[in-house]
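Colleague: Generate the whole structure from the sequences, applying the supplied hints.
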Amino acid sequence: MIRAIHIFKEGQIIFEDVIVPTKDLDTSAILMLVSSSARKLQEWKIDSMEIERYRYVYLNSHNTQFIITMDRQASPQKVSEAMMSLVSKFMTAFEKIIDTNEWKTTDFSPFSLGFRAVVSRIPVKVILAGHGGTGKTTLLELATLPSKGPPQEYIPTFFGDKALLKADFDPYIFSMFDLGGQDRFVQEWSKIIRSGVMVVIVTDSTQENIEWTKRVAYPVLKTELPYARAIVIANKQDLPGALSPEEVGAQLGVPGYGMQANQADFRDRWLKLLKDLAFETIESAVVGEIIE
Amino acid sequence: MPEGLAVLKWDDELGPVVVSKTPKKIKVGLDPTTSMRVYGIATLGETEESQKPGFNSLVFPDFKLAVYYGGLNMHLKGLPSMVFLVLNPDEDPEVYKDALPEIATQIFMNADDDKYKKLVPKLYKQIERYTQMTPEQRQASIINDPVRRIIIQTLMKQGTIQSAELEEMIFEEVGKKIDVDIILSPLVKMGVIATGWVEGLSSEVIYLTRAMFVLRKTSLDTIKAAREEQLPADVAEKFLQSTQEYHRDYLERIRADLFETIWSEAEGLTKYILDFDIYDIIQVLRTGPIEKERLKVETKLEDAKLNKHLKVLEKANIIMRIKDKERRQHILLKCNPEVITVYPEWLIQRTVDLYNDEEIVSQQAIHYLEVLKMSHPSQLESMELPE
Ligand SMILES: Nc1nc2c(ncn2[C@@H]2O[C@H](COP(=O)(O)OP(=O)(O)OP(=O)(O)O)[C@@H](O)[C@H]2O)c(=O)[nH]1
Ligand SMILES: [Mg+2]
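Residue numbers (our numbering), protein chains in the order written: chain H, -11 to 280; chain U, 5 to 391.
Note that these hints are calculated values from the structure, not bench results.
We put the CB at the ideal spot given by N, CA and C, even for glycine.
Please note: incorrect hints may appear among the correct ones.
[As the list claims (entries may be wrong)] What the simulated footprint calls covered on chain U by chain H, stretch by stretch (three residues with Cβ under 8 Å from a Cβ of chain H suffice, anywhere in the stretch; the number is not a length):
1. 13 to 27
2. 154 to 164
[What the hints assert, rightly or not] In silico DSSO-like cross-links for lysine-lysine, where the CA-CA straight-line distance does not exceed 30 Å:
3. Lys315/U / Lys154/H
4. Lys210/H / Lys315/U
5. Lys242/U / Lys228/U
6. Lys181/U / Lys122/U
7. Lys101/U / Lys31/U
8. Lys210/H / Lys56/U
9. Lys315/U / Lys329/U
10. Lys33/H / Lys101/U
11. Lys28/U / Lys66/H
12. Lys81/U / Lys66/H
13. Lys121/U / Lys77/H
14. Lys81/U / Lys180/U
15. Lys242/U / Lys66/H
16. Lys33/H / Lys28/U
17. Lys33/H / Lys13/U
18. Lys13/U / Lys154/H
19. Lys181/U / Lys33/H
20. Lys33/H / Lys315/U
Modeller: Written as structure tokens, this is what we have:
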């Protein structure tokens, strides 16, 4: 997931578009550091730097430094390609300006459009993880097949499923991976979940399921996706004896949110949660830092 | 006829994606949910240490799939790793059990720079024909394949090779790493090689059990027909003289340098055997000389095509076209290009020599001699490899 772009010239920012800010970091100091590294790069060479759960991909062209901030967990290759296409776009529009002193007085803000178009071409990978029967496929279909309504019967997912989700998440689109949660499929997760940026841990809000999640799901997720963001869905809140979202969240060490995935009218809440997770406007946890 | 052929790779963000397909508009069987499931079936239980590339056939309500999976390595690297043959519900996927791995191998070997994309339509057309191949044509396709040809050549000289060495050799030849198992599997099936583990060696050892090559044989039936005056005298005379001369010369070349003689034209000769029209012509001619008009009927080829093929074959010294006094054209097999498999007798002594000179790991030599003993034609019934 691409979060931001910054364009530097002579040590000063000439354009920036921040979609999701980086948290807990001295962003401006880091950007200065990255831009000075970028200045030393050969023309059109791409390099990157990782700091905590972020990756800074940078390129130098016409004495101008381009820095893309992305999630460290996402695959760098597509972002490098995106960088190439972005810089070509930029140069096509501004090459003359950037080579003269004119850049000091130019408004580069129209470039935002081009940037966001490129961002939306790389789907953000979302992982639905959890034990069999907790409601992952129900959540997938609740989001992606609104006219059908969420499934009421339980058909275990073989291996995994996936679907693209386009909703009010601009400029992002989500690539939703619904994992098979039966025990025999959990050992296969590592073949599918690589580059997952957001993890939605689905529970049926029972004590037994919380134990399973910690024992079986956590080791895989922590190994494969340490820099991903996670929330817990405390599903099946309608069932008697369901633990509260706060309780489920506290036990799992990840902020928990209540849900009833088999109810069509929970769709808006579900989409809002996904959006808030992407834009980091709700509490979430970093998978590698989860303390149970 | 299958409904279509598609190549898929794993994309971290998108999951399985179709990277090439033919016909262009085919959709059935290629939706993400199905392909995800197929990846699952193929990879279930697979680990990086125990990869399981291979063929699978799957039945769905509205279609069937024959799939070939290249293994976890290709999957994880995001290389083309899955080839789908989409079939309609009344076809039997098992028919493509031999053909699809071959097609898939071609695709996987051309994975760099997306070269395979150009091959897909051609391979799709070939697959139907492949299922109709005779055993001889299958052998020819092995010899025609440059990588497998080198393997056979090497093994005919030294009998055994370790798979790690082989991997290196292939790398030098084609400039990339290729899954040796895919390359070797049809050779194992045909009984040309055997593989096994030898104590103390870190990679598998490959053994030659049958040498396989193409030879220009004399066409006995054609010569017999010429001698027994089933042909006009002038035609027979011209043919006999010419074929005798040719074979005398060929034999001399073989005596001078067997390897050079058979391998220098192996690719060319197998190409003829693999061309279905040309192969039809050769098959007819193997039974004896024939007049051109009859040949046309037998092969059901149009004039232009037949003439073109005959010209090519004549130039390759495979056939002769001779007109008799009544200006009827006779077509005769000057030499018969045939795939031969023989027991590699010479490798017994060779292995003993290598062993005595300590140029081969002793266990490997001993194991190979056992393999040779077991695969001796007299033992064929009970052919089974030692552990
Ligand atoms: N009562 C209740 N049932 C629910 C709720 N959400 C889902 N379900 C039901 O629970 C079952 C869960 O099915 P799936 O969503 O297919 O389960 P899954 O997590 O995908 O399971 P696997 O594919 O095996 O990993 C279905 O029968 C749903 O209708 C809920 O909030 N309340
Ligand atoms: Mg499911």
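Colleague: Look at each hint and say if it fits the structure.
Modeller: Tested hints:
1. 13 to 27: holds (count 4)
2. 154 to 164: violated (count 0)
3. Lys315/U / Lys154/H: Violated: Lys315/U and Lys154/H sit about 62 Å apart, past 30 Å.
4. Lys210/H / Lys315/U: 68 Å, violated
5. Lys242/U / Lys228/U: With a Cα-Cα distance of about 14 Å, the restraint between Lys242/U and Lys228/U holds, given a limit of 30 Å.
6. Lys181/U / Lys122/U: Holds. Lys181/U to Lys122/U sits at ~21 Å (cutoff 30 Å).
7. Lys101/U / Lys31/U: 23 Å, holds
8. Lys210/H / Lys56/U: The given pair, whose Cα atoms are some 27 Å apart, holds under the 30 Å limit.
9. Lys315/U / Lys329/U: 21 Å, holds
10. Lys33/H / Lys101/U: 46 Å, violated
11. Lys28/U / Lys66/H: Holds, at about 26 Å.
12. Lys81/U / Lys66/H: Judged against 30 Å, a Cα distance of about 14 Å means the pair holds.
13. Lys121/U / Lys77/H: 28 Å, holds
14. Lys81/U / Lys180/U: 14 Å, holds
15. Lys242/U / Lys66/H: The hint is violated at about 69 Å.
16. Lys33/H / Lys28/U: 37 Å, violated
17. Lys33/H / Lys13/U: 28 Å, holds
18. Lys13/U / Lys154/H: 23 Å, holds
19. Lys181/U / Lys33/H: Holds, because 27 Å separates the two Cα atoms, which is no more than 30 Å.
20. Lys33/H / Lys315/U: 56 Å, violated
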